[in-house]
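Position 198, counted from 1, in the sequence shown is what the UniProt record's numbering calls 198; the numbers after and before it change by one each time, with no gaps.
Derived by calculation from the structure, the hints in this document are not laboratory data.
Each statement offered as a hint is correct.
In silico lysine-lysine, PhoX-like type, Cα no more than 20 Å apart, as pairs:
#1 100 x 88
#2 226 x 204
#3 88 x 102
Label pairs and their calculated CB-CB ranges:
#4 89 x 352: 33 to 39 Å
#5 371 x 222: 42 to 48 Å
#6 274 x 102: 17 to 23 Å
#7 201 x 404: 31 to 37 Å
#8 255 x 404: 36 to 42 Å
We put the CB at the ideal spot given by N, CA and C, even for glycine.
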Amino acid sequence: MPLSGSGGRRTGVTKRKAATSSTPSESLYASKLSPSGARGSSEVPGLPSAPIALCTAHTHHTHTTHIRHLNMNRRAHKKSRNGCVECKRRHIKCDETRPKCKNCTIIERECVYRTPPPAAVPAAVPAVAPGIGGAEGGAETLHSGPSTPSNTAGCSPFADGSSGTPAHQQQQQGVSPLAFPDPSVIRSGPQVNMDHMELLLTFKLELIIPELDEHLREWGSRITLKAGVDAPYLMHEILSVSALYLSRARPDRKQYYTEQAVQLQMEAISLFNSSTTSSFDIDDSNCVPITMFTSLLGRHLCIDALATPAAAGLDAFLDSYLNFARLRQRGAHVIRSARAALESSELRPFLTWGPGLQDLIGEGHACDGLQDLISAATTLDATSAAACRRAAELIQVSFDSWEDRGSVPGQQRMVQMIFTWAFLVPEEFVAMLSGRRAEAVAVLGYHAVILHFARDMWQIGAAGAQLLTAVGEHLGPGWEEWLAWPRSVVFGQT
Numbered sequence: 001m002p003l004s005g006s007g008g009r010r011t012g013v014t015k016r017k018a019a020t021s022s023t024p025s026e027s028l029y030a031s032k033l034s035p036s037g038a039r040g041s042s043e044v045p046g047l048p049s050a051p052i053a054l055c056t057a058h059t060h061h062t063h064t065t066h067i068r069h070l071n072m073n074r075r076a077h078k079k080s081r082n083g084c085v086e087c088k089r090r091h092i093k094c095d096e097t098r099p100k101c102k103n104c105t106i107i108e109r110e111c112v113y114r115t116p117p118p119a120a121v122p123a124a125v126p127a128v129a130p131g132i133g134g135a136e137g138g139a140e141t142l143h144s145g146p147s148t149p150s151n152t153a154g155c156s157p158f159a160d161g162s163s164g165t166p167a168h169q170q171q172q173q174g175v176s177p178l179a180f181p182d183p184s185v186i187r188s189g190p191q192v193n194m195d196h197m198e199l200l201l202t203f204k205l206e207l208i209i210p211e212l213d214e215h216l217r218e219w220g221s222r223i224t225l226k227a228g229v230d231a232p233y234l235m236h237e238i239l240s241v242s243a244l245y246l247s248r249a250r251p252d253r254k255q256y257y258t259e260q261a262v263q264l265q266m267e268a269i270s271l272f273n274s275s276t277t278s279s280f281d282i283d284d285s286n287c288v289p290i291t292m293f294t295s296l297l298g299r300h301l302c303i304d305a306l307a308t309p310a311a312a313g314l315d316a317f318l319d320s321y322l323n324f325a326r327l328r329q330r331g332a333h334v335i336r337s338a339r340a341a342l343e344s345s346e347l348r349p350f351l352t353w354g355p356g357l358q359d360l361i362g363e364g365h366a367c368d369g370l371q372d373l374i375s376a377a378t379t380l381d382a383t384s385a386a387a388c389r390r391a392a393e394l395i396q397v398s399f400d401s402w403e404d405r406g407s408v409p410g411q412q413r414m415v416q417m418i419f420t421w422a423f424l425v426p427e428e429f430v431a432m433l434s435g436r437r438a439e440a441v442a443v444l445g446y447h448a449v450i451l452h453f454a455r456d457m458w459q460i461g462a463a464g465a466q467l468l469t470a471v472g473e474h475l476g477p478g479w480e481e482w483l484a485w486p487r488s489v490v491f492g493q494t
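Let's have the full structure, built from the sequences with the hints guiding it.
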């Protein structure tokens, strides 16, 4: 979705066929970015890892992605004073063709002009206030009758005798001394898309990362917006996050803002993919926008997955949720590779923020019954049982954080666990969920309890109850013992 457009409420929006869900659920990483098995230990604290190189839905081909290195050697060229922004940035001559110059057409870039197009002045126009036309001789084109001397000192709509035709002559000619130019001969200026301005003013980093420390919220928002100015893919995702929030905050316009969020997110992914080449390299010049883009997009995909209604079934939820989980896993390698560059960037304060979640161990007893059921399951081999036990232990960490919710660290840790649990669990457990193994699905039902505890957050809402309902319907009779405790907490069943 381009960010420039007309001032209408719906103008300037790229017309794409909206997905049936709130996110392109089949977005994929480029497989060359990371060896399989990059895991949670590489996640930057406070900056949730997320997909780096993505392609949109309905394709089975992964895209090779990279960062384009800019050629800083200027080419000799004639001056193009009214050329487009892209040609000026690349220091090449622009043919000034509008709405899209030849150079931008060839390289398939968005063509933007900072100056409006020259006005096409009609050869014969009814008499207007003399003095309009500015340059010498310009007034001749504004009259159908005999030519009159034009004003060479500049144009002013106010005839006060200092320039243009003297005021007493204007009165004799029947022209008001306060006559303004005919609007039909005034060129129109650039138009602002007010819908996007609303989204831009709505954005705050804590909308998508609510567990941020107070002193990092304003700082992080400022850094993100600053980076978005030079990275269109990040700016589109910023606006998409705002639209996602407004779709929940304004139920009367939910459909409109949901469509905005989907379209902007898809455009952000497309812009990111088109800005890369075959050799992926993160350095000081791009580490901030890439890191913030992956962080925002990762949270966004998780929120979209959690919004899957129970009526859609467990398969629909898992398709979206596991897509998010795999993207985060593969994005960990990219975030880790950017660590050196991030140390010297404006994001450095975020690197030391937040607990090391991958090393946490559960201390409470809420999941003791689940652990016993896993140990007693004869259908699980040693590897699968170990994966389920670790997933259950991480859920226990979430319960511990909930019990410690009176403290700031406890609140932060619980929110982080909600958005990182799918990333921290063992690879084998993700594979079990992908294969719809009943034991792993039952463990997922315990995670639904944590989501239920956080139902007051707009990012979560009724996700806990919806997920547990879908889990129960999928497992069917015979799994009541496994789901008894989650149901007692979420639904009050005994």
